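Please take these sequences and the hints and turn them into a complete structure.
There are 2 protein chains.
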Amino acid sequence: MRIVFIFLISLFVAGQLHSQTSKDSLMFKRIADLVLSNGKAYENLRFLCKQVGPRLSGSPQAEKAVKETLRMMKEMGADTVYLQPCMVPHWVRGAKENAVLVNAGGQSIPLNVCALGNSVGTGKAGIKAEVIEVRSFKQLDSLGEKGVKGKIVFYNFPMNPTYIETFRAYGEAGQFRGRGPSMAAKYGALGVMVRSLASNIDDFPHTGATTYNDSFPKIPAIAVSTRHAEYVSNELKKKNGLQLYFRTECEMLPDVQSYNVVGEIRGTEFPDEVITVGGHLDSWDLAEGAHDDGAGCVQSMEVINVYKKSGIKPKRTIRVVMFMNEENGLRGGRKYAEVAKAENKKFIFALESDAGGFTPRAFGFSIGGDTLTRLRNWVPLFKPYGVYEFSEGGGGADIGPLRPLGTLLCGFRPDSQRYFDHHHAANDTFEWVSKRELELGALNMVLLLYVVDQYGL
Amino acid sequence: MRIVFIFLISLFVAGQLHSQTSKDSLMFKRIADLVLSNGKAYENLRFLCKQVGPRLSGSPQAEKAVKETLRMMKEMGADTVYLQPCMVPHWVRGAKENAVLVNAGGQSIPLNVCALGNSVGTGKAGIKAEVIEVRSFKQLDSLGEKGVKGKIVFYNFPMNPTYIETFRAYGEAGQFRGRGPSMAAKYGALGVMVRSLASNIDDFPHTGATTYNDSFPKIPAIAVSTRHAEYVSNELKKKNGLQLYFRTECEMLPDVQSYNVVGEIRGTEFPDEVITVGGHLDSWDLAEGAHDDGAGCVQSMEVINVYKKSGIKPKRTIRVVMFMNEENGLRGGRKYAEVAKAENKKFIFALESDAGGFTPRAFGFSIGGDTLTRLRNWVPLFKPYGVYEFSEGGGGADIGPLRPLGTLLCGFRPDSQRYFDHHHAANDTFEWVSKRELELGALNMVLLLYVVDQYGL
Chain A
2 MRIVFIFLIS LFVAGQLHSQ TSKDSLMFKR IADLVLSNGK AYENLRFLCK
52 QVGPRLSGSP QAEKAVKETL RMMKEMGADT VYLQPCMVPH WVRGAKENAV
102 LVNAGGQSIP LNVCALGNSV GTGKAGIKAE VIEVRSFKQL DSLGEKGVKG
152 KIVFYNFPMN PTYIETFRAY GEAGQFRGRG PSMAAKYGAL GVMVRSLASN
202 IDDFPHTGAT TYNDSFPKIP AIAVSTRHAE YVSNELKKKN GLQLYFRTEC
252 EMLPDVQSYN VVGEIRGTEF PDEVITVGGH LDSWDLAEGA HDDGAGCVQS
302 MEVINVYKKS GIKPKRTIRV VMFMNEENGL RGGRKYAEVA KAENKKFIFA
352 LESDAGGFTP RAFGFSIGGD TLTRLRNWVP LFKPYGVYEF SEGGGGADIG
402 PLRPLGTLLC GFRPDSQRYF DHHHAANDTF EWVSKRELEL GALNMVLLLY
452 VVDQYGL
Chain B
2 MRIVFIFLIS LFVAGQLHSQ TSKDSLMFKR IADLVLSNGK AYENLRFLCK
52 QVGPRLSGSP QAEKAVKETL RMMKEMGADT VYLQPCMVPH WVRGAKENAV
102 LVNAGGQSIP LNVCALGNSV GTGKAGIKAE VIEVRSFKQL DSLGEKGVKG
152 KIVFYNFPMN PTYIETFRAY GEAGQFRGRG PSMAAKYGAL GVMVRSLASN
202 IDDFPHTGAT TYNDSFPKIP AIAVSTRHAE YVSNELKKKN GLQLYFRTEC
252 EMLPDVQSYN VVGEIRGTEF PDEVITVGGH LDSWDLAEGA HDDGAGCVQS
302 MEVINVYKKS GIKPKRTIRV VMFMNEENGL RGGRKYAEVA KAENKKFIFA
352 LESDAGGFTP RAFGFSIGGD TLTRLRNWVP LFKPYGVYEF SEGGGGADIG
402 PLRPLGTLLC GFRPDSQRYF DHHHAANDTF EWVSKRELEL GALNMVLLLY
452 VVDQYGL
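Protein sequences appear in the order of chains A and B. Take the first sequence: its position 396, counted from the start at 1, is 397 in this note's numbering, and no numbers get skipped. Take the second sequence: its position 45, counted from the start at 1, is 46 in this note's numbering, and no numbers get skipped.
No lab work stands behind these hints, which were simulated from the structure alone. Only a predicted model underlies this, so the values are computations on that prediction, with no experimental measurement involved. Watch out, some of these pointers could steer you wrong.
Coverage of chain A stretches by chain B, computed from C-beta distances (three or more under 8 Å per stretch; other residues unrestricted) [stated by the list, open to error]:
1. 155-168
2. 382-395
3. 411-419
Each residue gets a CB set at the ideal place from its N, CA and C atoms; glycine is no exception.
Structure representation (structure tokens):
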């Protein structure tokens, strides 16, 4: 009797689960169809890239981006849209950079370079010195002051092509852009040239933030295109006494007022439980910031489009955030967490898209163990839309500061193969974003928010 | 005692399996590293696109492509490289097409069009007639001779954006390009204009083969860009008596001699068991055929590069085939199977890559049941390289004719989102292929051939 009872109960539970799953599956299809046939992400991205353009923190275009995304979220019907003030650094590139490799005979070969973000400039006269190539900090240390003083250090560490995840290679090679200038300054270098963080050999210099260590002099730093990094390296193997001349007129100005832009859909059952989704609104000054991170911005805003057009009402409050200043300060992300901490709400979940508008593959979560195992029950629902993995480890720069609030963090993980062809370079433009890939990313993000909102964590 | 024995046996088997898996996993890494750091696919593709160019069957460039891929496979060290003669159709486009929409006031609006492959031309005078839009064959049937005779039929069936797999939408919309002209001719239409088979709204007309039914007159057929398809459709809603004029000077010439190009690595243990891998060498005349199917060609040839550079010796014979004339005749695929049938060998497996050089997702197999279940044990080995699924249903146009020989067929399935932005259009160029995505596809193909060769089916 008892066994029969358990059997019946099991049948009932299985039936319930099955009917829930097929209900979810129908809702997933409804959301996906809406994004793919009536989405706004692509047109919003076109506007952000072509009508606003490059939008480095502190620039007039960044201000324009704030106004325009505020308007977009209003027009899509968010319940509340508001600005969250934060001060941001104001670094400017100034006149276009100039660099040449000078051989012993005085011949000059022009190189494709750009100043690293936050770098000091050389001033109008520029700097000229012997150039030495290093491939590791260990090598730099062994050269010491004797080998480095008065010279220009050329960090030539390629992104490892054998890593399947390009972000892994970026992380490894990125230390030279970040810490390289101060490490070289420690030994008396006059300046630094870093091989661009790009997956392939091409002609674009890729900028990105460098971080000075206040213990050492701030010396000027530039990035060189991968093709010219190879060229300089080959020349150095063949010739002695090669000199590098470069001129940069960049400088850091006083902080200016800027804003995060927040759009909200209020929860019907648990309005004090907040689900955050966002990308960063600022971009580097060299390009339109299409993949980095216009894509993440318009994908996040798509949540409002879907909820409002479909009439689905979230149980919990969904906040769409356009974070300011991810690229060279993270002031927006910090400000958002600071304000959140002061609010009397539960910030249960945050999702960030800042890995480009490419075809979806996975979501990465800041948590493992039982919670992740439970969340993974949702994966079969996502698989028809291209996401086949919920992996451990994830989040994002802008939502990272929410961690102390106990927020479960999640990063959208699109395919990473093409990201570093465009990242921080002049070719990060709208033309290189596929409408369908962008939309597939957007719809998977909405799907994830939908289940988190419906079922909690 | 018996239980202890079974337990020990299980441990032993598990240990064997585990050590086999980790051995395979090391070999996979070795193959992947080789392709990603020392691959030839990208440079070969550049050559095929930029030095050979568009290579429609019967053209001088198709002849050049035969010579150059023969050279490439020789240089990569294939044991044997040879040509397999086959006669191919020789369709030529002639002078650039011209089409205008003419309104009642006589105003002409130029449209972006191209002739469909295999279509007859209009002759120099062109044709001019009232244009009627239809969205289904049913609608055409209901119009009948009364509604169609003497007119130009405009098939305006968009690819369904809500299908996640774009090939599904292509299959559905493709019938109008294939059968549309003859279906319209049946009712006395003078000509046909088909909406381009493209996922998005843009300005490129996409060509592709049409297939005449000999029971009806052959009437000229063109494709119009999706943007102009939308435009014409909107105009037709607003205005009466719109006429279409178009001129095409294409024609079908007598068949010419051409070739499949075959490169072979001989098997060391079972030389009479043949594994075939290939792509098609011909392309449409409008573009470089980078994704369709330069990518499949250079990925297939990469097998030779890997086996020869790594010193791995296959147990079975591997044949790399550059199939001629997939686009408008399939003569190469048929010839290969015909020759295979006459050989005293077992054609156990064939893999085709003809879905673009995009990031890998899956392999599709012509078989299900136990065999597929067994093959799926390999999937975990592939997952780190981006392939997470072995699905039922697959193969390819060129390897299809091998089916009667009992060959297990398999199609490489990269991500399909961007394919129909470029397919059969002038922007199917080298610039739109990502080096890393192309290589990831190539390496997964080599990995699959490796396990099939090592363990059989």
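Taking the hints in turn, this is what the structure says about them:
1. 155-168: holds (count 4)
2. 382-395: With 5 residues close enough to chain B, the hint holds.
3. 411-419: holds (count 3)
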